[in-house]
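Produce the entire structure from the sequences given, and follow the hints as far as they go.
Number of protein chains: 2
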Amino acid sequence: VLIVGELINSTRKSIADAITKKDALYIQEIARRQVESGAQIIDVNAATSECEVESIKWLVDTIQQAVEVPLCIDSPSAEALAAGLARCRRTAMVNSISAEQKRWSEILPVVKQYHPRVVALCMDDGGLPKTSADRLRIGGTLIEELAAAGVPADDIFLDPLVKPAGVNTGFGLEFLESTYILKKEYPQAHCICGLSNVSFGLPNRQLLNRTFMVMAMAAGMDAFILNPLDNKTMSLFHAAKLLTGQDEYCLDYINVVRSGGLEA
Amino acid sequence: VLIVGELINSTRKSIADAITKKDALYIQEIARRQVESGAQIIDVNAATSECEVESIKWLVDTIQQAVEVPLCIDSPSAEALAAGLARCRRTAMVNSISAEQKRWSEILPVVKQYHPRVVALCMDDGGLPKTSADRLRIGGTLIEELAAAGVPADDIFLDPLVKPAGVNTGFGLEFLESTYILKKEYPQAHCICGLSNVSFGLPNRQLLNRTFMVMAMAAGMDAFILNPLDNKTMSLFHAAKLLTGQDEYCLDYINVVRSGGLEA
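So the sequences go chain by chain: X and H. Under the working numbering, the first residue of the first sequence carries the number 1, and numbering increases by one thereafter. Under the working numbering, the first residue of the second sequence carries the number 1001, and numbering increases by one thereafter.
No farther apart than 25 Å at their CA atoms in a straight line, the calculated lysine to any residue pairs in the SDA-like style are these:
#	chain 1	residue 1	chain 2	residue 2
1	X	K57	X	R12
2	H	K1163	X	V257
3	X	K184	H	Y1186
4	X	K184	H	L1173
5	X	K241	H	G1220
Far from chain X, some chain H residues (derived; all Cβ distances over 10 Å):
#	residue
6	D1017
7	D1061
8	Q1064
9	S1105
10	P1187
Partial pick of chain X residues on the chain H-facing surface, computed with a CB cut under 7 Å:
#	residue
11	L208
12	T211
13	S235
14	L236
15	T244
Simulated from the structure, these hints should not be mistaken for laboratory data. Note that beta-carbon positions come from the ideal geometry of N, C-alpha and C, so glycine has one too.
What follows is the structure, given as structure tokens:
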């Protein structure tokens, strides 16, 4: 299961400040700590920055001086994605394309030029998916059309889109079922998601987010965009990895326990 | 989702001592705290006690003086089960019957006499179930034969039997799949399980147990035998209840958060 560290995002005030002040040491520290905690990819988002393209370039250069892992360039803007990808030294990821006509036509040329791994949101111009059938249909279209554009299935990360359980408590099982069906139908592709939408409007959000992560892992989710510095999240993550048969001989789990990295 | 509080069990030294010394106050305190923490049924097990039948009678009387909830009489002995059930003031539960010939023929008459809810282990004389197909077949037989003996499906709690992930890391998904299939095939019956076997032989057992509880809830498990005094377990339990659509309007969750009962 792949972990994309979500902390370098300009919607977080400390990151926005560091971007403004060009505080490379702070950004590098956050990058390094995420990798040490288990992130295999670092998300880079400057979408709320005043000059997004310049900020993305600076962030990519800054982070690559500190850590060796691939980056996930995260923006709604094709120009910012291209600017970030052009500077990535390793095969990167883009977050995200979707089946919305405008987004598809803008982002696809960038994907074709740089060959990143691709987060593909299961939504089209009809808005957020309403059922698991919606997600299956849109996911299928995305895989087919990305394949036609030369993107191998193994580089595609379908995002079934988490919706807030506080709005409708049925959204949780709907999402888990979607994940299970998508992985069954397209085993060669991956499923990825962020977690925080599930707890929107509710108290103790981290508790809900990390509980939902465990359920999503049992349903077959194989990548998460999350905060790897949350020790409770990572404790559950390592336990869930073992319990879903993804830690043969339990060696990863035992090693993390021995290093003192897990909650009791 | 039903919680059976597991703490009054003579394999725990403090309980064995309390039984020996007839320390009613200690037993009542443990019963009361389990109920306050969310247990809706209190398990009563004196199987390792020197005189099990006498101990069960004393425990049942003692606990019923302290709390109003039903009891789950837990023993391999038909005599102990009958002695406990005879003193229960509310509809009790027995833990457990199975499709093993000897256990079936000994326990069934007790079930027929006292009409308790019944925990039915998905195992027969072939030993522990090897696959989800085994569990489905044995579960089907148990439901059919219990029905023939007059036990309504709503009183049957099938236990798919948790096996240790440390022995085979595939056991976790095998169990979850079994739960999902059993609930789909027999929606009118319930599924129950203990958790601690999953972590047998591994470090940080509580972490694995409570992570597995979350996965089992997503798979449809509707009753657990667990330690309700573990606050981390109960925090995940309340979050998982909401996320699986079993807490309409999120009211239970918000109330427990407000009362300060959950981890952040």
